[in-house]
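The C-terminal residue of the sequence shown carries number 200 in this note's numbering, and the numbering is unbroken.
Some hints here could point you the wrong way.
What the hints assert, rightly or not - Calculated lysine-lysine pairs in the BS3-like style (CA-CA distance at most 25 Å, straight line):
(1) K111 <-> K88
(2) K167 <-> K79
(3) K79 <-> K52
(4) K111 <-> K79
(5) K71 <-> K52
(6) K52 <-> K88
(7) K52 <-> K111
Unchecked claim - So the derived label-pair ranges between C-beta atoms look like this:
(8) E119 <-> F200: 33 to 41 Å
(9) I112 <-> R90: 42 to 50 Å
(10) F200 <-> G159: 17 to 25 Å
(11) N47 <-> F200: 20 to 28 Å
(12) A198 <-> T73: 14 to 22 Å
(13) F200 <-> G75: 18 to 26 Å
Simulated from the structure, these hints should not be mistaken for laboratory data. All figures in this text were calculated on a predicted structure; none of them were measured in a lab. From the three backbone atoms N, C-alpha and C, an ideal C-beta is built for every residue, glycine too.
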Amino acid sequence: MTDVDHRQGGDASVPDALPDNIVLLSSEAIQNIVYIKGSLVFSDGMPHDLEPEIPKPTEGGTWKLNMPGARVKTRPVAQSFKNICGGEDHLYKLEKIGDRSPEELNFYFGVVVTFLIGDETFNTNIYLGQGSWLLANNWWIGGGAIAAPDGKSAVLPLISPSGLTAQVFELGWHTDSGFALNAWF
Numbered sequence: 016m017t018d019v020d021h022r023q024g025g026d027a028s029v030p031d032a033l034p035d036n037i038v039l040l041s042s043e044a045i046q047n048i049v050y051i052k053g054s055l056v057f058s059d060g061m062p063h064d065l066e067p068e069i070p071k072p073t074e075g076g077t078w079k080l081n082m083p084g085a086r087v088k089t090r091p092v093a094q095s096f097k098n099i100c101g102g103e104d105h106l107y108k109l110e111k112i113g114d115r116s117p118e119e120l121n122f123y124f125g126v127v128v129t130f131l132i133g134d135e136t137f138n139t140n141i142y143l144g145q146g147s148w149l150l151a152n153n154w155w156i157g158g159g160a161i162a163a164p165d166g167k168s169a170v171l172p173l174i175s176p177s178g179l180t181a182q183v184f185e186l187g188w189h190t191d192s193g194f195a196l197n198a199w200f
């Protein structure tokens, strides 16, 4: 019998090895990334680990997050992702063409990203969702703090308690499976 205690969904006939689903976040300003407990939403019945793996970053500030699990996209997962992020004006994907928001997703999860700007820290909730586009899996990023009014570009402003803009990150392409957060100043 196969041990599946570390998973949700599926049954014991599913092999232990689940496919890796890797997304990258890259910025030297990121100090830490922590999974938001209970935020993982998978398509019903799909086997998956209970939470993403979030190892320490590489030199240069690239974080490699992995969410092992099966991939079957559904509309309810995409709708839940859009709702938790605040709608399509708060969503961004790596491809510059196609829909402004996902019609279907395999899964999504939330993380708290801690940025260090000068001597101030900023915690921001970000959600990462995986779907597919053409013949490949693709990633979406979203959250209430992300502004993406045209769907082709997105920014993440960090506002200090005094109301000053501490930094603005432009979201961009890092690799086929990753987002670069490029500081404006």
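Against the structure, the hints come out as follows:
Between the alpha carbons of K111 and K88 the distance comes to roughly 21 Å, so the proposed pair stays at or under 25 Å and holds. For the hint linking K167 to K79, the alpha-carbon distance of about 24 Å falls within 25 Å, and the restraint holds. Annotation: proposed proximity of K79 to K52 holds, straight-line Cα distance about 18 Å (limit 25 Å). Using a Cα cut-off of 25 Å, the hinted pair K111 and K79 holds, with the two alpha carbons roughly 23 Å apart.
Between K71 and K52 the CA atoms are separated by roughly 18 Å; this keeps the pair inside 25 Å, and the hint holds. A hinted pair counts as satisfied when its Cα atoms are at most 25 Å apart, and K52 with K88 qualifies at roughly 22 Å. For the suggested pair K52 and K111, the alpha carbons sit about 31 Å apart, so the restraint of at most 25 Å is broken. A C-beta distance of roughly 38 Å is found between E119 and F200, which places it inside the suggested range of 33 to 41 Å.
Separation of I112 from R90 is about 21 Å and departs from the stated range, judged on CB atoms against 42 to 50 Å. Taking the beta carbon of each, F200 and G159 are about 23 Å apart, inside 17 to 25 Å as hinted. Distance hint for N47 and F200: a CB-CB separation of about 22 Å, consistent with the stated range 20 to 28 Å. The hinted range of 14 to 22 Å is satisfied by A198 and T73, whose Cβ atoms lie roughly 18 Å apart.
One distance hint, 18 to 26 Å for the beta-carbon pair F200 and G75, holds here, with the actual separation near 19 Å.
Taken one by one, the earlier hints fail for this structure at numbers 7 and 9, listed in ascending order.
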